[in-house]
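K.L.:
Now for the letters of each chain:
Protein chains: 2
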Amino acid sequence: MLGNFTYCNPTKLYFGQDSLIGLKAELPKYGDNVVLIYGGGSIKKSGLYDEVMEILQACGKNVAEISGVMPNPTLEKLYEGVEIARAHKADFLLAVGGGSVCDYTKAVAVSVHCKEDPWEKYFQRFEEPECETLPLGCVLTLAGTGSEMNAGAVITNTKTKQKIGHVFADEKIMPRFAILNPLYTLSLPHYQMVAGIFDIFSHICEQYFSGTDDNTSDYIAEALMRSLLVSSRIANADPQDYEARSNIMWTATWALNTLIAKGKTTDWMVHMLGQSVGAYTNATHGMTLSAVSLAYYRHILAFGLAKFKRFALNVWDVNPEDKSDEEIALEGLKAMEGWMRELGLAMTISELGATEEMIEGIAEGTLVLKGGYKVLEREEIIKILKESL
Amino acid sequence: MLGNFTYCNPTKLYFGQDSLIGLKAELPKYGDNVVLIYGGGSIKKSGLYDEVMEILQACGKNVAEISGVMPNPTLEKLYEGVEIARAHKADFLLAVGGGSVCDYTKAVAVSVHCKEDPWEKYFQRFEEPECETLPLGCVLTLAGTGSEMNAGAVITNTKTKQKIGHVFADEKIMPRFAILNPLYTLSLPHYQMVAGIFDIFSHICEQYFSGTDDNTSDYIAEALMRSLLVSSRIANADPQDYEARSNIMWTATWALNTLIAKGKTTDWMVHMLGQSVGAYTNATHGMTLSAVSLAYYRHILAFGLAKFKRFALNVWDVNPEDKSDEEIALEGLKAMEGWMRELGLAMTISELGATEEMIEGIAEGTLVLKGGYKVLEREEIIKILKESL
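Residue numbers (the numbering used here), protein chains in the order written: chain A, 1 to 389; chain B, 1 to 389.
Only chain A is shown next, with the shape it has when bound in the complex (with noise of 0.2 Å):
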């Protein structure tokens, strides 16, 4: 636990198969001009929009909606969003999604009331807002992105193909509630599940491999991987197993609301890749991340071996008889690939759309991070990419 830090994370979470009382419950601490963000209607068919409506009714709120809240949420998106949200005066925003519908929640957040462009000031200048934010809270409908419990954004520009996110510093841009309900989750098609599955193993790998320090954090981070392990394969076998995508959806929170990066550094070279790719295929986040990860990982295993080594024998169970380190290593990833195609996770870049000849695209689009244990050149992006065609 190395440096100076600070943890505050005051998201109330309420977690269960009746948690919705919790909306009841927070509602009323709010001014009275909600807006509803969803994104495709799913939430109509399964009945969650009128429940939402009635506790919002109930309550005395005047609602404003916006829908149609698309995966990767784009920058018109957004600019139609703050219109919706100006023109209502809205005093707090409730997303109720999953982690595409809470990011955006939060970007309208932070620029209802910002007289900049967004997209300059938040996503290219990584400012921090100096106006006043709009309260917001969450209804979760997918494990995966952790956006339930932090300040973290993301938001794509379709012009300049760049999907770009952005961690606020400042907590009161997180959800001031999320209400976690896996019953929620269970109707989702075997692909989102998956892929949302595979985006909290990256979340928890990509702050995982960085540092060369043993600290509490790295196992926590390992603890959090080897629950998710077990309980994805009862997931992936029985979907509707409710202790399992229970035990998923407290993962996917714990695994991004900062507390494994804390006292030590972190990489986010996977999420950059696939972000770039995402831009350019409009391809399910969790899969872009998938598509990448393996060629990406064998590239840096030699520059932080002792981590590599300590991820296939704390997570993977590797046997290291008479095996070197590096041998131990590649037989961690091996495992980790095994369990990604038992899961039927993207495994090229090629299967979401990708084409040799977007490869330098997607590489100029690609945000060089310098956490890990290698910083990427641009001819080494290039490389993982093609391996991952």
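Hints were generated in silico from the structure; no laboratory data involved.
Please read these numbers as outputs of a predicted model, since none were measured by experiment.
Treat the hints with caution; some may be incorrect.
In silico lysine-lysine, DSBU-like type, Cα no more than 30 Å apart, as pairs [to be verified]: (1) K121(A) - K12(B); (2) K29(B) - K12(B); (3) K121(A) - K161(A); (4) K383(B) - K159(B); (5) K262(A) - K29(B); (6) K12(A) - K12(B); (7) K172(A) - K172(B); (8) K370(B) - K161(B); (9) K12(B) - K262(A); (10) K29(A) - K262(B); (11) K12(A) - K29(B); (12) K77(A) - K159(A).
Assemble the complex: chain A is given as a structure, and chain B must be docked to it using the hints.
P.N.:
Frame of chain A, contents of chain B only:
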């Protein structure tokens, strides 16, 4: 993660060598009348008292003091502190010390505006405050109790020989902020350091050894135990190892801030036994726990065999080959005993001053809780205490 639960833990943690700057950032948020609460004066020797006082004065605070808070804070001391806080018209309470000081400060915070007797209300009837409660912050000098990020308080009634804890339901009883500077813990005597380490370990065990589910909380508990084993051995050999002491400090916070109890039942009988021993002997809290733990766990092992086997495999790396589940489980406890002896923990209640004649009284004072693998009968408590002699 069965069942419904909520999680909300808004305490802001400032961690690291420079974390006292957090005090400067936080104090201006509260009123001018501050009561500074501390223990036996070690903070005067270390210079921390002067540093804190300087910040309080720079922030323009009117400071009253409650000093001499003892390791097991008494009800008399609580009455005394309440009078001081009332006379000072306290707006804010600042605890500087270990878990006892922080616990005590919470007890003052809920009692200042309470019209009833706090012992009767909070520690006998376990009611929640209806009155206004005072906000509090904490500068921690000892890692162990986790009091810096929870709403628990323990008070000892010397007349009735009862040491009783109450975990308040409202998160506003938690410290608003906590300064966690591992440097402050370096000057601690070895005996206090290892007692704190066992207190942490016991907190984890008592939440772990309950329930038959396999949920994310179990994995996180194992991670915290594994991290603590590694760090405690380093710190035992070299108490000045900052990295080890910082991992211990961080682990202590997460061992008892409600996280690893989420979605599961908990036990807490070791604390009930230890607290009753403490009320009779005034021994160091962590040592009262170590002195009764092995007898207790051996007694309940057969009732929770699967979890004790898991503990042996996942925490102590017991090799399961050619062994029965019971043999594996017992080997886990044997490994735990070896680690406890290595640290130099109290292994019997006799060495803490308990005598055969006290056994009846200690048993009488032991609250029987129902979350563990076996709800103890009176004769079982007597048996465990006798085996701990």
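K.L.:
Does each hint hold? Answer for all of them.
P.N.:
How the hints compare with the structure:
The hinted pair formed by K121(A) and K12(B) meets the criterion: a straight-line CA distance of about 27 Å does not exceed 30 Å. Using a Cα cut-off of 30 Å, the hinted pair K29(B) and K12(B) holds, with the two alpha carbons roughly 13 Å apart. Of the supplied pair hints, the one linking K121(A) and K161(A) holds, its CA atoms being roughly 17 Å apart against a limit of 30 Å. Between K383(B) and K159(B) the CA atoms are separated by roughly 26 Å; this keeps the pair inside 30 Å, and the hint holds.
Of the pairs offered as hints, the one joining K262(A) and K29(B) holds, with about 25 Å between alpha carbons and a cut-off of 30 Å not exceeded. Only pairs whose Cα atoms come within 30 Å are accepted, and K12(A) paired with K12(B) is accepted, the gap being roughly 14 Å. Between the alpha carbons of K172(A) and K172(B) the distance comes to roughly 17 Å, so the proposed pair stays at or under 30 Å and holds. A hinted pair counts as satisfied when its Cα atoms are at most 30 Å apart, and K370(B) with K161(B) qualifies at roughly 22 Å.
Between K12(B) and K262(A) the CA atoms are separated by roughly 13 Å; this keeps the pair inside 30 Å, and the hint holds. The suggested pairing of K29(A) with K262(B) holds, with an alpha-carbon distance near 25 Å, which does not exceed 30 Å. Between K12(A) and K29(B) the alpha-carbon distance is near 22 Å, which keeps this suggested pair within the 30 Å criterion. Only pairs whose Cα atoms come within 30 Å are accepted, and K77(A) paired with K159(A) is accepted, the gap being roughly 13 Å.
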